[in-house]
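This is what each chain is made of:
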Amino acid sequence: MTSTVNNMMNRKVKNMKRTDGRSQTDVRPITAKTGVIKKADGSAYFKIGNTTAYAAVYGPRNLFPRFLQDPKKGILRCNYNMLPFSASDRVRPGPSRRSREISMITEKALLPVLDLDAYPNAVVDVFIELTETDAGSRCAGICAAAMALADAGLIMKDLVAAVSVGKVGNDLVVDLDGVEEHYNENESTDIPVAMIPSTHEITLLQCDGIIAKEELFKAIDMVKPAMQKIAEVQRNALKEKYR
Amino acid sequence: MNEDIKHDLIQSLSKNLRVDLRKNEDLRSIEIETGCVATAEGSARVKFGDTEVIAGVKLAVEKPFPDTPEDAILMVASEMLPLSNPKYEGGPPGVDAIEMARVIDRSFRESRCIETKKLCIQKGEKVWSIAIDIAPLNDDGNLLDVGAFAALLALQNTVFPEYDGTKVLVDKKTTMKLPMVREPITVTVFKIGNAFVVDPTETEQTSFDARMTFAILADDKICSMQKGGDTAIMEEDLDIMLDIAIKTSQELRKKIPR
Chain A
1 MTSTVNNMMN RKVKNMKRTD GRSQTDVRPI TAKTGVIKKA DGSAYFKIGN
51 TTAYAAVYGP RNLFPRFLQD PKKGILRCNY NMLPFSASDR VRPGPSRRSR
101 EISMITEKAL LPVLDLDAYP NAVVDVFIEL TETDAGSRCA GICAAAMALA
151 DAGLIMKDLV AAVSVGKVGN DLVVDLDGVE EHYNENESTD IPVAMIPSTH
201 EITLLQCDGI IAKEELFKAI DMVKPAMQKI AEVQRNALKE KYR
Chain B
1 MNEDIKHDLI QSLSKNLRVD LRKNEDLRSI EIETGCVATA EGSARVKFGD
51 TEVIAGVKLA VEKPFPDTPE DAILMVASEM LPLSNPKYEG GPPGVDAIEM
101 ARVIDRSFRE SRCIETKKLC IQKGEKVWSI AIDIAPLNDD GNLLDVGAFA
151 ALLALQNTVF PEYDGTKVLV DKKTTMKLPM VREPITVTVF KIGNAFVVDP
201 TETEQTSFDA RMTFAILADD KICSMQKGGD TAIMEEDLDI MLDIAIKTSQ
251 ELRKKIPR
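Sequences listed follow chains A and B, in order. Take the first sequence: its letter number 5 is residue 5 in the numbering used here, and every next letter is one higher. Take the second sequence: its letter number 184 is residue 184 in the numbering used here, and every next letter is one higher.
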């Protein structure tokens with residue numbers, strides 16, 4: 001980041017306003033659609049600010065090779081991928097350590113709302129592709145994936161909503177954008193959270209950066225209304241398809 | 001895991017009693033040896049009970065990343081060695097090994113425990129690179145915490161080799177240490193049934209429901225977190241888990257050789 005932007009950020013953050021004029025608890029504008037990929041069993045598009053995720057669900061379908069099958073229940077397999085042109089530097093195609101970790105935590109974030117007991121030996125594949133990113137891509141991917149799973153007609157307890165919360169300078173803010181995430185040479189704290197909106201159960205929680213315990217719980221409280229808002233957008237998008 | 005064994009385990013954990021007679025929040029006995037590898041610039045071997053991990057640091061001079069021209073390069077890698085447990089197979093690191101390395105990497109990076117700007121030799125051209133490799137020798141559970149502790153001790157143990165401007169003379173050691181200003185301690189708290197345990201053995205670890213890994217600093221602040229496991233947790237769970245992690249980190253901090 002250039003120093004001019006950094007200075008601007010310093011001033012903006014001190015004035016308690018964010019570069020794009022949002023309040024501390026505002027999420028970026030969201031667009032959500034379902035059924036965007038006709039070939040898939042379920043699909044969704046979720047855009048928050050300039051972060052855009054597509055998700056497609058294939059399955060439940062037979063899982064091969066056979067040794068990966070679980071005779072007791074179906075398995076969930078998520079694949080998170082950033083397209084090469086989705087960031088300021090070209091992203092090398094193919095899996096990276098980062099994408100493999102995010103794929104794994106995405107599975108863990110979605111599993112608690114799914115019941116795959118009815119599909120022994122089967123797999124539910126979720127492919128998440130990011131076409132453009134401006135921070136919060138794993139959360140956008142989870143939001144899109146949850147909608148795509150619902151669109152595929154899988155039995156779910158609830159949706160999963162995800163958004164990051166964090167500390168930029170001395171302020172707690174919801175839904176960090178790229179400028180905020182890199183504020184003051186990455187000194188901001190980024191906490192991606194996924195929740196089951198109806199129960200506030202946490203299914204994903206990560207943290208990059210320093211934060212005290214009291215602030216962490218304040219941040220989690222702050223993110224709850226945002227989760228409700230995201231869940232509402234997700235639900236509306238699911239209903240929209242049948243209008 | 002066998003459901004009956006899990007049932008029994010949860011029963012006994014609810015009475016704050018573990019198979020090896022520890023209490024839920026007790027650590028196993030800890031053994032530490034630092035500087036145990038002569039070929040590495042820094043090294044440590046750490047044992048928590050039967051779990052044993054060796055970590056080594058190698059230093060080199062490299063071209064910095066274009067977006068951080070003045071910062072040292074930090075790399076953390078780990079592999080689940082087939083020697084350490086029959087459940088592992090050879091081949092490239094699986095997702096468990098990747099997660100372990102990345103969570104430990106974040107604990108160092110986000111705590112800014114190493115003053116990376118002090119390791120710049122020539123801006124945009126030459127900086128020190130710090131490669132930390134973590135190798136489990138015997139895996140009996142809690143590999144991540146043991147690995148993170150070994151990696152921290154290896155970093156603290158690291159001594160620079162001589163650098164003559166063109167190459168690193170690995171055989172000539174100086175007395176200069178890494179500029180370390182903080183000590184992040186990684187603690188994972190496992191939720192099994194309704195009980196919370198730290199430092200699980202392999203048997204306990206195979207039946208956990210959720211886990212939270214925290215890296216904690218001397219002032220009890222968190223510098224990185226990671227949730228794991230197939231079940232969700234409530235905010236109340238997180239509160240309990242964080243308190244246990246802070247308490248455990250204080251205990252582990254006392255074990256750091258001074």
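Keep in mind that the hints were calculated from the coordinates and are not lab data. This one's a predicted model, so the numbers in the text were calculated from it and none came from an experiment. The C-beta atom is built at its ideal place from N, Cα and C for all residues, glycine as well. Possibly wrong hints are sitting among the right ones.
Computed Cβ-Cβ distance ranges for the label pairs, DEER-style [unchecked claim]:
no.	chain 1	residue 1	chain 2	residue 2	range
1	B	L169	A	R66	28 to 38 Å
2	A	K157	B	T39	35 to 45 Å
3	A	N170	B	D239	40 to 50 Å
4	B	M75	A	F85	24 to 34 Å
5	A	K72	B	M234	18 to 28 Å
6	B	G90	A	K72	45 to 55 Å
7	B	D96	A	D171	53 to 63 Å
8	A	D171	B	S12	41 to 51 Å
9	A	D70	B	D219	58 to 68 Å
10	A	R66	B	P86	14 to 24 Å
11	A	P95	B	L83	40 to 50 Å
12	B	K177	A	K72	48 to 58 Å
13	A	M222	B	K173	28 to 38 Å
14	B	M234	A	D70	24 to 34 Å
Let me make sure I understand: some of the numbered hints might not hold for this structure. Which ones are they, in numerical order? Per hint list: 1, 2, 3, 6, 7, 9, 11 and 13 violated.
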